[in-house]
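Once you've looked at the hints, dock chain B against the given chain A.
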Amino acid sequence: MRKTVVALLALLAASCGRTPKPVPEVVSVSAAKLPLTPDDRLWDRAPEHAAKMIPQDLVEPRLLEPTTAEVRVRSFSNSSEIVFRLEWADADRSDRPVPGVMADACAIQIPGKIEKDLPDPQMGQEGKPVQVTYWRADWQAAVDGRGDSIRDLHPNASIDHYPFEAKVLDGDPEARREMERRYAPARALGNLRAGPRAHPVEDLVSSGPGTLAPGPSLGARGSGKHDARKGWSVVIGRKLPQGLEVNQRTHIAFAVWQGTRQEAGARKMRTGWIPLVRRGE
Amino acid sequence: MARVYNWQLGREMSYWYPEARPKRQFAAVFDINKCIACQTCTLACKTTWTSGKGQEYMLWNNVETKPYGSYPLAYDLKLLEMLDSQRWNGRRYDGKTIFESAPAGERVLGWRPGDRDFAYPNTGEDDCAGEVEHGAYLSMAHTSWFFYLARICNHCTYPACLASCPRGSIYKRAEDGIVLVDQGRCRGYQECVKGCPYKKVFYNPMTGTSEKCIACFPKIEQGIQPQCFVNCIGKIRLAGWISPPGQARADNPIDYLVHIRKIALPLFPQFGLEPNVYYIPPVHSPPAFNRQLFGPGVDGAMKAYRNAPNDPELAGLLCLFGSTEMLVNRFRRQGDAVSGFDGNGTEIVRVPLREPVFVRPAFDARNQLVRINCP
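In order, the protein sequences belong to chains A and B.
Each residue of the first sequence is one higher than the one before, counting from 1 in the working numbering.
Each residue of the second sequence is one higher than the one before, counting from 1001 in the working numbering.
Next comes chain A alone, as it looks inside the complex:
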C-alpha cells in the first residue's frame, strides 16, 4: 500500500511538472508575448535542448582543455522576433573588465540565408556569412548600473586629474565631451563595442575566423543573470531569421566563454550546427 502511494505521488509530481522532455533540436515555440528576462515563468513551457559543446581547436589560439560541457537552450518566437534562453554551469561570475580578466559571454550563430548547403559552423565562410548575436557579462553589469569609471572597478583607485574635467570646461559640456573622446580613441572611432553600453548584446556578422564585424542591426537585445549554484541564464533576442516560416527549419550554433578560464575570442567552447525549427501555436 505504502509503495503504491509513493508511486502515485511520483506520477502526480511528474504530470504536474511543466518542463517538457529534452528535444534533439532547438524548437522555437510561438508566443504572443516573448519572455525577455531569464526568470520569466513562460520559459518552463518551451522544450529544452541540451547542446553538447566542444573546444574551439581549429584555429590559433585554440582552446585545448574542455570547460563548459553543455548549454541548455529554450526558444520562443513570433512573426518578427525570436528569443533564446541559454543556461550553462559556471560557478565563478566574471564581469570585471580589467587587465588579464576575461568576461563571461555567450553567442548564437545563424546562417545568413536558409539554404541546404550550410556555411562552416566555425564562424561561417567567404560567400556564406553567418549572423552572430553576442552577449557579455561586463556589458550586462554596465547595463545593470555599474558606472563607467575606473573607481567602479577599483574603488580605492587614486586619480589625480583628467584633462576633460578641468574647471575651465565647466560651462561647456560639448567641449568637455569632445576632449574626453580624444582620450578614448575606440569611442572616437565609433567602435560599437567600446561603450558606454545601452544593451548587453550586439549584432555581428562573420565570414570565417577572424572576420567578425558589426553587422546590420537585427535588433539584438537580452539580459543575463548569474546564480553561484546554477551558473548563467541569459536571454538573447533578435529579428526572426529571414524566411523562417512556421514549421520550417534553419540551423543554429552556440558558443560560451568562461572568463575565469581566460576564454575570449577564439578561445571558446562551441557547438556544431543544430537544427532550429519554428513551431506554431
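Do not rely on the hints blindly, as some may be mistaken.
What the hints assert, rightly or not - Straight-line alpha carbon distances no greater than 30 angstroms define the calculated DSSO-like cross-link-like pairs of lysine-lysine that follow:
| # | chain 1 | residue 1 | chain 2 | residue 2 |
| --- | --- | --- | --- | --- |
| 1 | B | LYS1023 | B | LYS1262 |
| 2 | A | LYS167 | B | LYS1219 |
| 3 | B | LYS1303 | B | LYS1034 |
| 4 | A | LYS33 | A | LYS239 |
| 5 | B | LYS1034 | B | LYS1262 |
| 6 | A | LYS167 | B | LYS1046 |
None of these hints come from the bench; they were simulated from the model.
Then chain B, alone, in the frame of chain A:
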C-alpha cells in the same frame, strides 16, 4: 608559419607572417649611461596620450631601475623563465625564439599580466644590486650597481602583438614601420597583451580595446621626434630610420650606431622580434647581466663607448642626441662640430663636439665679493 630573416639573430626564424619590411623603419637609440630616471619622458607621453578614463595605469613610456625594476611586475623574468636556458653561438642565436617555442594551440610563447601586475610601477626604483655597507658609497669604483632602462614600444620588425591578434587588428605601417592597434577593429581579446614580451600593449577597461605606443606618428609624419624624445632632460634619445644591415649608410645616425659601430643593441634580441629601439649598454653594470638583456654584442659596444672621447666621429654623433626636435636623417662631422640634416639635406642643427667651459672664480676680485650659488 613562414620563414623570415632576423639579422639580430644571424639566422632565419619562424614567424606567423611572411617577411614584409616597410619602405623605411622608424628606429631609435637610447644611451642608457645618460638616463637619470627623471621620468620626464613618462610624463610627456602620459599627458599627451594616456590621460583618459581606462588609461590610468598605462605607461606607453616607462623608466625602470635594473636589476630589480620592471613594469608590469617581472615582465622580463617571467618570460625568460618560460623560455628557459638558451644559447648564442657567437653572433648567431642557436636558441629558440618566442615564436619557435609557442606551445600547442598558441601563436607565441607569452603570459598575460593581471591588474595587480600593473599596480607597482616603481618597484625596485633606485635599488642597487647588493648592499652598500660601511661607507662603501664614498669610494670608487662602486661595488654595487644599477641603471635606468627607459622603454617604449619597440615597433618590432616581427611584432608578437601583431602575430598574436587573431583578428588582424594590429598592423605595421608600410611607410614607417610603426606598429598600431586599429581602435575601430580591436575587440579586446588581450591576445596582444599576452603575446608582447615587452608588455607594451595595454588593455583599456573603459573602451574594452587594447592600446599602445604610437611613436607619436602625427609628429613623425612632420619630421619631428616623438614627445618622449624631445622632452628628455638627459638627452639620451635619438629617433630616426634604420636600414637593413646590407643597406646601412655611414651618414645615417641610426645605421652608424647600430650597424657600423655596433654600439647600440636591441633589448632581448633572443625573443626574436627584431626590436627597433636600440640601447647603448650601461658601462658600469656587469657584462654578463648586460649580455642577457642586449645579446652578444655587449662587450664590443661597451669598449667602443668607453673610447668615445678619443673617437671624434662617434663622440660627434653622440652630441646630436637631444640637440634638435627634428628627425635627423643624416649627420656629418667637420672638425670640432657635427651637423644634422633633414630628409631634404638641409642643415637643421650644428653643435660643437665639446661645449666651451667657463670657470668663474669663487671670489670676485673686482667687487671684493665671494660668489655663492644661490638662486
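Proposed proximity, B:LYS1262 with B:LYS1023 (alpha carbon, max 30 angstroms): 23 angstroms, holds
Hint consistency between B:LYS1034 and B:LYS1262 [alpha-carbon to alpha-carbon, up to 30 angstroms]: OK: B:LYS1034 and B:LYS1262 at ~18 angstroms, within 30 angstroms.
Satisfaction of hint between B:LYS1034 and B:LYS1303, Cα-Cα up to 30 angstroms: Roughly 16 angstroms separates the two Cα atoms, so the pair holds.
A:LYS33 paired with A:LYS239 [C-alpha distance capped at 30 angstroms]: Distance ~14 angstroms between A:LYS33 and A:LYS239 Cα, so the pair holds.
Pairwise hint evaluation, B:LYS1046 against A:LYS167, where the allowed Cα distance is 30 angstroms at most: 20 angstroms, holds
Pairwise hint evaluation, B:LYS1219 against A:LYS167, where the allowed Cα distance is 30 angstroms at most: Given pair A:LYS167, B:LYS1219 holds - Cα atoms ~29 angstroms apart, limit 30 angstroms.
Hint violations for this structure: none, all hints satisfied.
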